[in-house]
Amino acid sequence: MKSAVIVFPGLNRDRDMIAALTKVSGTAPATVWHQDADIPDVDLIVIPGGFSYGDYLRCGAIAARSPIMDKVRAHAERGGKVLGVCNGFQILIEAGLLPGALMRNMSLKFVCREVKLEVVNADTDFTRGYTKGEVFRCPVAHHDGNYFTDGDTLNRLEGDGRVAFRYAEGTNPNGSMNDIAGIFNEQKNVLGLMPHPENLIEAAHGGDDGRALFSGLLGQAA
Amino acid sequence: MTSYQNDIEITPKLVADHGLKPDEFAKIVALIGRQPTYTELGIFSAMWNEHCSYKSSKKWLRTLPTTGPRVIQGPGENAGVVDIGDGQAVVFKMESHNHPSFIEPYQGAGTGMGGILRDVFTMGARPVAAMNALRFGSPDHEKTRHLVSGVVSGIGGYGNAFGVPTVGGEVEFDERYNGNILVNAFAAGLADTDKIFYSKAEGVGLPVVYLGAKTGRDGVGGATMASAEFGDDIEEKRPTVQVGDPFTEKRLLEACLELMATGAVIAIQDMGAAGLTCSAVEMGAKGDLGIELDLDKVPVREIEMTPYEMMLSESQERMLMVLHPEKEPEARAVFVKWELDFATVGYTTDDLRFRVKWQGVEVANLPIKDLGDEAPEYDRPWTEPRLPAALAASDVPQMDVADALLKLMGGHQVASRRWVYEQYDTLIQGNSVQRPGGDAGVIRVEGHATKGLAFSSDVTPRYCEADPYEGGKQAVAECWRNLTATGAEPLAATDNLNFGNPERPEIMGQLVHAIKGIGEACLALDFPIVSGNVSLYNETNGRGILPTPTIGGVGLLPDWSKMARIGFAGASQVILLVGAPANRGTHLGQSIYLRDLFDRRDGTAPHVDLAHEKRTGDFVRKLIRSGIVTACHDLSDGGLGVGLAEMAVASGIGATVVDINDHDPILQYFGEDQGRYLVTVNLDPQGEELTALWKEAEALGIFAPWIGNTGGANLVLGDARAVPVAALKAAHEGWFPSYMDGKAA
Chain A
1 MKSAVIVFPG LNRDRDMIAA LTKVSGTAPA TVWHQDADIP DVDLIVIPGG FSYGDYLRCG
61 AIAARSPIMD KVRAHAERGG KVLGVCNGFQ ILIEAGLLPG ALMRNMSLKF VCREVKLEVV
121 NADTDFTRGY TKGEVFRCPV AHHDGNYFTD GDTLNRLEGD GRVAFRYAEG TNPNGSMNDI
181 AGIFNEQKNV LGLMPHPENL IEAAHGGDDG RALFSGLLGQ AA
Chain B
1 MTSYQNDIEI TPKLVADHGL KPDEFAKIVA LIGRQPTYTE LGIFSAMWNE HCSYKSSKKW
61 LRTLPTTGPR VIQGPGENAG VVDIGDGQAV VFKMESHNHP SFIEPYQGAG TGMGGILRDV
121 FTMGARPVAA MNALRFGSPD HEKTRHLVSG VVSGIGGYGN AFGVPTVGGE VEFDERYNGN
181 ILVNAFAAGL ADTDKIFYSK AEGVGLPVVY LGAKTGRDGV GGATMASAEF GDDIEEKRPT
241 VQVGDPFTEK RLLEACLELM ATGAVIAIQD MGAAGLTCSA VEMGAKGDLG IELDLDKVPV
301 REIEMTPYEM MLSESQERML MVLHPEKEPE ARAVFVKWEL DFATVGYTTD DLRFRVKWQG
361 VEVANLPIKD LGDEAPEYDR PWTEPRLPAA LAASDVPQMD VADALLKLMG GHQVASRRWV
421 YEQYDTLIQG NSVQRPGGDA GVIRVEGHAT KGLAFSSDVT PRYCEADPYE GGKQAVAECW
481 RNLTATGAEP LAATDNLNFG NPERPEIMGQ LVHAIKGIGE ACLALDFPIV SGNVSLYNET
541 NGRGILPTPT IGGVGLLPDW SKMARIGFAG ASQVILLVGA PANRGTHLGQ SIYLRDLFDR
601 RDGTAPHVDL AHEKRTGDFV RKLIRSGIVT ACHDLSDGGL GVGLAEMAVA SGIGATVVDI
661 NDHDPILQYF GEDQGRYLVT VNLDPQGEEL TALWKEAEAL GIFAPWIGNT GGANLVLGDA
721 RAVPVAALKA AHEGWFPSYM DGKAA
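Sequence order for the protein chains is A and B.
Once you know that position 87 of the first sequence is 87 in the UniProt record's numbering, the rest is easy, because the numbers rise by one and skip nothing.
Once you know that position 342 of the second sequence is 342 in the UniProt record's numbering, the rest is easy, because the numbers rise by one and skip nothing.
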């Protein structure tokens, strides 16, 4: 599976994401600068974490209005896969590719720690490396990960299997609704999540619980 | 045209307002042979203040060991550079941002972080690790919570957005910092040894290029402010604090590294304290060149800025470079890509003058070498520190050992700093193999299969107050020990010397003695000082802080997968106390047992036997590298009892320690004797391997008694009641969040 990582100024987990994709798939992803005219023909587009444009407006709001996002949207509409992690998730929400909002953490503080995630829907290309109900370790590092949406949308997300991951075992770090950590779009070809599976893929990270997301997605053996 | 009076009368009051003494002003007049202009006075005040000139400390700093086989660059550049083999170097420095952080904690601490990161990437190194050593006033002081909260979120706000992992640091509380907190920020970067960039300009008629953010009025006079004591008018100084923009800093990092890769850069200097003035003068003076600046070319973000303001602005995220002229278009393209300012603001000249033009008028024309080299240097009078009396042998205040342990673990000195470090991104870049909470932070070195770097920041200010010389030694020894406890070979250190007003002989005496102690320890431990910063005048209304010479050290691990951690690794393992005196622990003077449980700050500071320290550390490191050590922790605050409790809490595994007879358990468990490590090994206590270990230790003159075993759910210290590890953990984790929630200190 071919992949590309979009880089906006201010993102800072682009290198972590590129390393994870490279280590798991054996091939480095294409790197696309936000001013590039086109995204190469790939199966998966990844928007990594960080602080695009300093997050001086609502997190992700400025990047979401960048011209390159039209290409990302077109890719998603064609059924191509899009993964947004942390600031990438915020950007996908601001771009309207995913519903809801990511508000400031309930504690009002940035939080970097390890949490537990429960796999809510393992029946997608993104999550097939896991089994339904499986609980795995994953780090978080964010200031605005408190997922919120209206009741109808929440019901649809829950009812249509669009909740990908939930914070488990009382480890919700931000107060998000229904402990939501990651969600799909309707077609389940777009996934946004706050935690950082790319920071838990090898022994040096203290474990490889995050690896299955990439190996499942990239079609490699775990 | 704006009206700007450059040729105003320089009155004694104006001179004093610039922090210059009458004799210093007389020296200026003698140097240039006339009265300075207003702009020139500003330039001199910026270059000659304590912060930039080190005028009170230079004489003593020169005595520090700064060289070694691995040292590529010692003090005098933006940061120190140390060879870590394989063509790679670690570039690091620690710097204070004390005064601004007290006045405006969020921006003060954030820009402190920004400044130190810039020092590192200015040299061509990508920052890979950060630490910060924070000292606040008493927990029950009315401003403390506000300052803790602001400083921590300020550091997080800047460092997290910039994208560097915080791997360690310190947080301490003492009433002596009530009116003058300390924020010491450390950063380290990685570079190739053949691609290090320096500030020395070379070549005449070459463009001096301004890069990064625009210049505003923020921070005008900041360095001068940082070189004065605080009085009650402190709130009025808020406008001298700069405002940070980590987004611009991150772009500046990427742009600088891209630019350096093009081969366009001849010299580079970040605009830190005293901004444009200091950076331009340093680049020129170091290269024996003059510099001519045209201020009309400087990108500004405020209207009607005067030359005085432009020269003294401390706006953040700015750089000055001398570039190869033929590469200028390439260089400009990099900065256009990152949407940063790029402006040629001057040229190098061959006449050693520092000329500043504005609206066609020359507003300053000064001898460039004299601005730096001729800065006043003082041999300030100092007095021998008065040392406290030793505690009487019988003076061992008693408390139940288990109660004392729980109180210390749940007290402000020892309690977990999780509340602080969880607000910092500790794992970005994916290389943090040991995150905060242990003896040292460890990262793996990108581009190498096994190599790791360890980082620790240390000083025990209460020891320094009691005995600046022993305290200086101890700061270095403890840093060296913390690195060693992971299995790392300590390479070199940076020092951040925080003291009171050097014009008072007793404060100067502290500085002189602390530097002497630091120097001796660095020499004995092969641990040279390669960069540093001095922060003086840390006083409010005439009362100085505790003398606080913070030491930030870097160590090298050939294989990070063999490093030691502090948590017990399993049950039924043998616990050794390596480097112990015959009675395990003896020294209660200046301990936290006395201070925090009996409100006593007396006795002598513990003595550091440097030869013993070296032998013990080398032995422990060898054990770790041999693979037999399952956990290791150095002993510091709270001695053996707290050390064991920390190892238990980190793992959830208890331990049972057997008392020695005829020795006061209080001394044994809470004495703060130096040079000790707790080491666990998974060996048969009667077996040959352990016998061999003891033989080797004995031959080296190191006592390494077997004091107990790991296992169970309790920590049992001799005859004291068993303390559940869960209770220790609750105490340890509880204090900080509960305090910050507003509960009693």
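Hints listed in this document are in silico derivations from the structure and should not be mistaken for laboratory results.
One or more of the hints may lead you astray.
[Claimed, not checked] Simulated crosslink set (DSS-like; lysine-lysine; CA at most 30 Å straight-line):
no.: 1; chain 1: A; residue 1: Lys109; chain 2: B; residue 2: Lys59
no.: 2; chain 1: A; residue 1: Lys23; chain 2: B; residue 2: Lys451
no.: 3; chain 1: A; residue 1: Lys71; chain 2: B; residue 2: Lys59
no.: 4; chain 1: B; residue 1: Lys729; chain 2: A; residue 2: Lys109
no.: 5; chain 1: A; residue 1: Lys109; chain 2: A; residue 2: Lys2
no.: 6; chain 1: A; residue 1: Lys116; chain 2: B; residue 2: Lys516
no.: 7; chain 1: A; residue 1: Lys23; chain 2: B; residue 2: Lys743
no.: 8; chain 1: A; residue 1: Lys109; chain 2: B; residue 2: Lys195
no.: 9; chain 1: B; residue 1: Lys516; chain 2: A; residue 2: Lys109
no.: 10; chain 1: B; residue 1: Lys59; chain 2: B; residue 2: Lys516
no.: 11; chain 1: A; residue 1: Lys2; chain 2: B; residue 2: Lys337
no.: 12; chain 1: B; residue 1: Lys407; chain 2: A; residue 2: Lys23
Note that the coordinates shown come from a computational prediction; the quantities given were computed from them, not determined experimentally.
query: Hints broken by the structure, by number, lowest first?
result: Failing hints, ascending: 1, 3, 5, 6, 7, 8, 9, 12.
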